[in-house]
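Given the sequences, and given the hints that come with them, work out the whole structure.
Each chain is listed here by its residues.
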Amino acid sequence: MKLKSLTVLLIEDDQIEVMKLKRSIKQLGHTHKVVEAKNGEDALQQLTSGNVLPDIILLDLNMPKINGIEFLKILKEDAKLRYIPTVILTTSENRTDLLACYEVGIAGYILKPLKYEDYLKKIDCTLQYWSVNELISN
Amino acid sequence: MQSNEIEILKRSVERERAARKQAERILESKSAELFQRTTELKVANDKLEQLVSRQTSELQGVFENIVDAYVVMDLEGNVLKMNNPAEELLEHSLVQEPLNLNSMVHPEDAEKVSHYFAVLVQDGSITDAEIRIKTVSGHIKLVHINASMIFDKADKPIGAQGIVRDITLARREHEKLMESESRLSKLIANLDSGVLLEDENRNIALTNQQFCDLFKIPAPPEALIGQNCENAAEQSKHLFKDPKSFVLSIDELLANRKTVLGEELVMDEGRILERDYIPIFIDEVYKGHLWTYRDITLKRKYRKSIDAQRQKYSGIIANMNLGLLEVDNDDVVQMVNQRFIEMSGYSEADLLGKKASDLLLDKNEKEKIWKKNSERSKGTADSYEIQVITGNGEQRYWLISGAPNYNINGELIGSIGIHLDITELKELELQKESLVKKLAKSNKELEEYAHVVSHDLKSPLRSLYALTSWLREENEGEFSKESLSYLELIEQTLEKMEKLISNVLLYSSVTSEDDKVSRVNLDEIVRQLISLIHVPDHIEVSIKKKLPKVIADETRMQQLFQNLLSNAIRYNDKEKGVVEIDYQIQKGMYQFCVRDNGIGIKEAYLDKIFGMFQRLDNDESSTGIGLSIVKRIIELYGGTIWVESEPTKGTTFYFTLPKP
Numbered sequence: 001m002k003l004k005s006l007t008v009l010l011i012e013d014d015q016i017e018v019m020k021l022k023r024s025i026k027q028l029g030h031t032h033k034v035v036e037a038k039n040g041e042d043a044l045q046q047l048t049s050g051n052v053l054p055d056i057i058l059l060d061l062n063m064p065k066i067n068g069i070e071f072l073k074i075l076k077e078d079a080k081l082r083y084i085p086t087v088i089l090t091t092s093e094n095r096t097d098l099l100a101c102y103e104v105g106i107a108g109y110i111l112k113p114l115k116y117e118d119y120l121k122k123i124d125c126t127l128q129y130w131s132v133n134e135l136i137s138n
Numbered sequence: 001m002q003s004n005e006i007e008i009l010k011r012s013v014e015r016e017r018a019a020r021k022q023a024e025r026i027l028e029s030k031s032a033e034l035f036q037r038t039t040e041l042k043v044a045n046d047k048l049e050q051l052v053s054r055q056t057s058e059l060q061g062v063f064e065n066i067v068d069a070y071v072v073m074d075l076e077g078n079v080l081k082m083n084n085p086a087e088e089l090l091e092h093s094l095v096q097e098p099l100n101l102n103s104m105v106h107p108e109d110a111e112k113v114s115h116y117f118a119v120l121v122q123d124g125s126i127t128d129a130e131i132r133i134k135t136v137s138g139h140i141k142l143v144h145i146n147a148s149m150i151f152d153k154a155d156k157p158i159g160a161q162g163i164v165r166d167i168t169l170a171r172r173e174h175e176k177l178m179e180s181e182s183r184l185s186k187l188i189a190n191l192d193s194g195v196l197l198e199d200e201n202r203n204i205a206l207t208n209q210q211f212c213d214l215f216k217i218p219a220p221p222e223a224l225i226g227q228n229c230e231n232a233a234e235q236s237k238h239l240f241k242d243p244k245s246f247v248l249s250i251d252e253l254l255a256n257r258k259t260v261l262g263e264e265l266v267m268d269e270g271r272i273l274e275r276d277y278i279p280i281f282i283d284e285v286y287k288g289h290l291w292t293y294r295d296i297t298l299k300r301k302y303r304k305s306i307d308a309q310r311q312k313y314s315g316i317i318a319n320m321n322l323g324l325l326e327v328d329n330d331d332v333v334q335m336v337n338q339r340f341i342e343m344s345g346y347s348e349a350d351l352l353g354k355k356a357s358d359l360l361l362d363k364n365e366k367e368k369i370w371k372k373n374s375e376r377s378k379g380t381a382d383s384y385e386i387q388v389i390t391g392n393g394e395q396r397y398w399l400i401s402g403a404p405n406y407n408i409n410g411e412l413i414g415s416i417g418i419h420l421d422i423t424e425l426k427e428l429e430l431q432k433e434s435l436v437k438k439l440a441k442s443n444k445e446l447e448e449y450a451h452v453v454s455h456d457l458k459s460p461l462r463s464l465y466a467l468t469s470w471l472r473e474e475n476e477g478e479f480s481k482e483s484l485s486y487l488e489l490i491e492q493t494l495e496k497m498e499k500l501i502s503n504v505l506l507y508s509s510v511t512s513e514d515d516k517v518s519r520v521n522l523d524e525i526v527r528q529l530i531s532l533i534h535v536p537d538h539i540e541v542s543i544k545k546k547l548p549k550v551i552a553d554e555t556r557m558q559q560l561f562q563n564l565l566s567n568a569i570r571y572n573d574k575e576k577g578v579v580e581i582d583y584q585i586q587k588g589m590y591q592f593c594v595r596d597n598g599i600g601i602k603e604a605y606l607d608k609i610f611g612m613f614q615r616l617d618n619d620e621s622s623t624g625i626g627l628s629i630v631k632r633i634i635e636l637y638g639g640t641i642w643v644e645s646e647p648t649k650g651t652t653f654y655f656t657l658p659k660p
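Line order of the protein sequences matches chains A and B. Residues in the first sequence are numbered consecutively from 1, following our numbering. Residues in the second sequence are numbered consecutively from 1, following our numbering.
In case anyone wonders, no lab produced these hints; they're calculated from the structure. Being a predicted model, the structure only gives us computed values, none of them experimental. Be aware that one or more of the hints could be misleading.
Claimed, not checked - If you anchor each label on the Cβ, the simulated ranges turn out as follows: (1) A:Ile136 with B:Gln528: 38 to 44 Å; (2) B:Asp456 with A:Ala100: 17 to 23 Å; (3) A:Asp78 with B:Leu471: 39 to 45 Å; (4) A:Asp118 with B:Tyr449: 23 to 29 Å.
Stated by the list, open to error - With a straight-line cut-off of 25 Å between C-alpha atoms, the simulated DMTMM-like cross-links for lysine to aspartate or glutamate are: (5) A:Lys22 with A:Glu41; (6) B:Lys444 with B:Glu433; (7) A:Lys33 with B:Glu473; (8) B:Lys444 with A:Glu103.
To be verified - Derived coverage of chain B by chain A (criterion: at least 3 residues anywhere in the stretch with Cβ under 8 Å from a Cβ of chain A; other residues may be distant): (9) 455-464; (10) 467-475; (11) 490-504.
Backbone N, C-alpha and C define an ideal beta-carbon position, used for all residues, glycine too.
Put into structure tokens, the structure is as follows:
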């Protein structure tokens, strides 16, 4: 079965993290398209301008300017954008963060593991999962 | 002849006729006279009879009406006759039934009665016989009898008559009197007062041992009776501190003949006597006087010590740093001490007679006081805090300890409160509260901060790890074996760094703040743990007995046992490793132990192992935080942890947790 190609909006300020995702997708042989946003503001701008309508959003929590949760809140207030599944991709094990995210509304919460191999597996699973989902943008 | 003869005859007949007539006349008058006499005699006789009968009935009346019981009996004791008082006394009526007196005699007096009877027969009478009888109704009566024999014309005894008096009551009264007299004399003898009763001639009528003791008289009190007291004062004056005035006062008392009570006399040896003088008058005629002397030395001393104590306490109350307030049942101020006056900011005059609550309290606080006062009326004492506004307009906090106040009859008359100004304390308390709040906030911030820091520290580790992996991937087959091992070392170091950061975060999060305590089944948790952590084949982990339940946070308990068990497993060098978990109850706590037969810990390190970042070996996988976390968790629940160990033999960790 051929997997659907997803458009993934990665909101991440760390350049190496962006490289990690891109490299992982390539290495895993997926055909998903990664759209980058350096921070929440950047992402919102891209989303509202209509240039991009991602299938899913991967969101880091700790970012300069608007942080992940703030971004999430703004997103959830948007009548259209609120339906985009947003998965948190973070190193924060803080339970408060976890609760806050689910409170606002997220589709998943993935902890970045230390080992790159583990990261690969997690990204593989996540993207495969979403590629078998019926998504709004289609 | 014839004629003559006839004449003669005639005359003779005539004479005879006349004589007869004469005789008849005499007879007639004689018989009339006899009749007259007979009639007169009859009248006299009647009169006599009447007289006799009247006298008899008079006697009968006397007999029946005498106050004392009068009884006539035959020689067998059968009552022939008795009067009303006798019927009442014997509770018997002859009309209804005959009565034998012997049947009434009290069994114990039977012998006595037969003795009296013998005397009666022999002497013809008895006087003052006393016997007990028992009446139909069961009453035992003591009766007094005077009796005499009755004889017929031939001087033969045919019965006896007697006067019977009921002396039961009289006897009882008499006995009571005797008893009371003996009690009185005993009382006087045992009085703790010395008593001396003198008659009008100053002769001793009565005294007791105490009197002799007080005045050091060597004779027994009985020996003093009758002796004259004219010189007594002179003789005993030396016993007193002021002999002259002792004699003078006695002379004065005797001259005045007025009752004087409670005079105090100080004796030479320091004892204090109290003296009463009571003159005795009977029908306003002086009959003597009574002296009583009491030793009140102890009492006086006692009173002195009570006075001293009272003074001491009133001194304390007046000068203590606690405000004292006494109010009646309507909260009206009765008494305040100096400190209360100072505290209240009012003058004593402002306070007395006013309602304390009106002066010092606002509406809310008044309600509090009313509630407390109503509790006071139920007799409860307690303490509470109150906010007052003093006379100077200052707002102060007082701690009041209040108790109901009773009078000597045990009636509630109000309450007494001790007041302590705790404004400073209260302010400190409020400060503390806000500090605690601040601290909690800053703790929370710190925890947030720790999370952010850990995130920020961990992120570069991830990047480094990824970069290292890519280095290896991109140069596959090109790196030397050594270079590859360096890469591996970089990865290991990164892992350690990661773990270190996690543990620091974990340690910092062991605070009571976000504790989610519940009843935790340690047995379940530890069994799960054992199945989860990696236990090498040569080590056996066993739970000696089913572990109890404690009140704690489940995650913390997992961390606690996981750390101890991992240590026990990791530092085991024996061929057959043994790790045991056990517990016992000690002083209301559960005392757990985790025992291993591992490498042990040198004594020098025993103190250090619970410190942060303390590692005892060069094991790369150890961060040195594990036991610090364990200690912090145990202390969080009020437990303690300690360790016993012998190098090469093994280690035992002991720790306690509260028993729910």
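Evaluation of the provided hints:
Between A:Ile136 and B:Gln528 the beta carbon distance is about 42 Å. The supplied range of 38 to 44 Å therefore holds. Checked against the hint of 17 to 23 Å, the C-beta distance between B:Asp456 and A:Ala100 comes to roughly 19 Å, which is consistent with it. Between A:Asp78 and B:Leu471 the Cβ separation comes to about 42 Å, which falls inside the hinted range of 39 to 45 Å. Our hint of 23 to 29 Å for A:Asp118 and B:Tyr449 holds, since their Cβ atoms are close to 27 Å apart.
Distance restraint check for A:Lys22 and A:Glu41: the Cα-Cα separation of roughly 21 Å lies within the 25 Å cut-off, and the hinted pair is therefore satisfied. For the given pair, B:Lys444 sits about 16 Å from B:Glu433 by alpha-carbon distance, which is consistent with the 25 Å threshold. Taking the CA atoms of A:Lys33 and B:Glu473, the gap is about 23 Å. The hint holds against a cut of 25 Å. With a C-alpha separation of about 20 Å, the suggested pair B:Lys444 and A:Glu103 falls inside the 25 Å cut-off, and the hint holds.
Given a C-beta distance limit of less than 8 Å, the hint that chain A covers the region 455-464 of chain B holds, as 7 residues qualify and 3 suffice. Against chain A, the region 467-475 of chain B contributes 4 residues with a C-beta closer than 8 Å to a partner C-beta. That satisfies the three-residue criterion, and the hint holds. Residue count for the region 490-504 of chain B with a Cβ under 8 Å from a Cβ of chain A: 5. That meets the three needed, and the coverage hint holds.
The structure meets every hint from the earlier list without exception.
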